[in-house]
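**Student:** Fit chain B to the known structure of chain A by using the hints.
Sequence lines, in order, name chains A and B. For what it's worth, my numbering labels the leading residue of the first sequence as 548, then goes sequentially. For what it's worth, my numbering labels the leading residue of the second sequence as 403, then goes sequentially.
Just so you know, these hints were derived from the structure itself, not from any lab. Heads up, a few of these hints could be off.
Claimed, not checked - Pairs of lysine-lysine, DSBU-like flavour, derived with a Cα cap of 30 angstroms:
(1) A/Lys641 with B/Lys429
(2) B/Lys515 with A/Lys572
(3) A/Lys575 with B/Lys515
(4) A/Lys699 with B/Lys496
(5) B/Lys484 with A/Lys661
(6) A/Lys661 with A/Lys651
(7) A/Lys575 with B/Lys434
(8) A/Lys575 with B/Lys544
(9) B/Lys434 with A/Lys699
(10) A/Lys699 with B/Lys429
(11) A/Lys580 with B/Lys427
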Amino acid sequence: MPLFEKTLYSTDFSPLAEVALDYVKKLKEAGEKEVVVVHVVDDLSIELPEGADLLNEKELYKILPEVDQEYVTSLIERLEAVKKILEDEGLNVKLYLKYGNIPKQIVEVAKQEKVRLIVMGAHGKGLLTEILLGSVSTDVIRNAECPVLIVKRREE
Amino acid sequence: MLFERVLYPFDMRKASLGVKPYVLKLKEAGCKEVHMLYVLLPSEWGFVAKEEYDSEDKIEALRGAIDDGYVDGLIRIFRRMKEIAEEFEASGIKTRIVLIPGELDETIGYYSKEYGIKLVALGITDESLSFFRVGKVLDIIKAVGSPILIVKSPEEDGAKGLE
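Bound conformation, chain A alone (with noise of 0.2 angstroms):
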């Protein structure tokens, strides 16, 4: 498979995120055919399976307290705006939404979708707290089998 064919695209909805997708559209020029677009939710009121599969799984959606369903409904919507945006761009998406350790849920989805580059935004955080607890960033260059691509910022 060439080495862009299939990417994986981590989003928070940040800003550097939107600066991130940036690069997963442009990377169509070298021979991105498809995008896995991937959210991570550690945040609900209650605790779910670690690698719970909020966007399938409609078990647990069902389960949810009302307040994490209408939030859960509002990620759904906007992996499905980031979806349209990539599919207007000509590349095929799939959509990932996962509950659980975030870096740990990205490389999960990863492996499994045996994607060739995982292209994500990069938060600063002080190097002693990133050495000792990890970051997201951190921790999925560290256990990802692929290359990463570390945003930090847009381009002038």
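**Tutor:** Chain B in isolation, oriented as in the chain A frame:
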């Protein structure tokens, strides 16, 4: 252009070479220029006058100032980088080779800012991400403002790489 000018830090190890196919592929997404940078770490090379060594003549001029064996080593590195640069040039990517003395993060950070680098493409090993060494990779990520492509290779046998 998001990938127009790529900085490719090179250290003669296999992990560095793992980056090459990605840089070549980025040509299709607009990569026009690659800057291959070898950082002369003080811990390995001692004191070398702070300059951008981008030709064999500049490296040769170091004779007398540093040990001849070191100069020969630098020439070997420069020529190896030139071989790789020829592959980029053959693909239509303009390439600059440069050796700069300094610490890894500071030098990569300085260079990417000074030359308007759009992407840093960095090859690392699993070992670079161990608890005790991950700080160096983080330092580089922090030192550059541009996006950074990290290509991880399996741990190398020994540390000799391609030398």
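**Student:** Could you run down the list of hints and mark each one as holding or not?
**Tutor:** Consistency of the hints with the structure:
1. A/Lys641 with B/Lys429: holds (26 angstroms)
2. B/Lys515 with A/Lys572: Roughly 25 angstroms separates the two Cα atoms, so the pair holds.
3. A/Lys575 with B/Lys515: holds (27 angstroms)
4. A/Lys699 with B/Lys496: holds (25 angstroms)
5. B/Lys484 with A/Lys661: With Cα atoms ~34 angstroms apart, lysine 484 of chain B and lysine 661 of chain A exceed 30 angstroms; violated.
6. A/Lys661 with A/Lys651: Holds. Lysine 661 of chain A to lysine 651 of chain A sits at ~15 angstroms (cutoff 30 angstroms).
7. A/Lys575 with B/Lys434: Judged against 30 angstroms, a Cα distance of about 17 angstroms means the pair holds.
8. A/Lys575 with B/Lys544: holds (28 angstroms)
9. B/Lys434 with A/Lys699: holds (21 angstroms)
10. A/Lys699 with B/Lys429: Given that 30 angstroms is the threshold and the Cα spacing comes to 21 angstroms, the pair holds.
11. A/Lys580 with B/Lys427: holds (14 angstroms)
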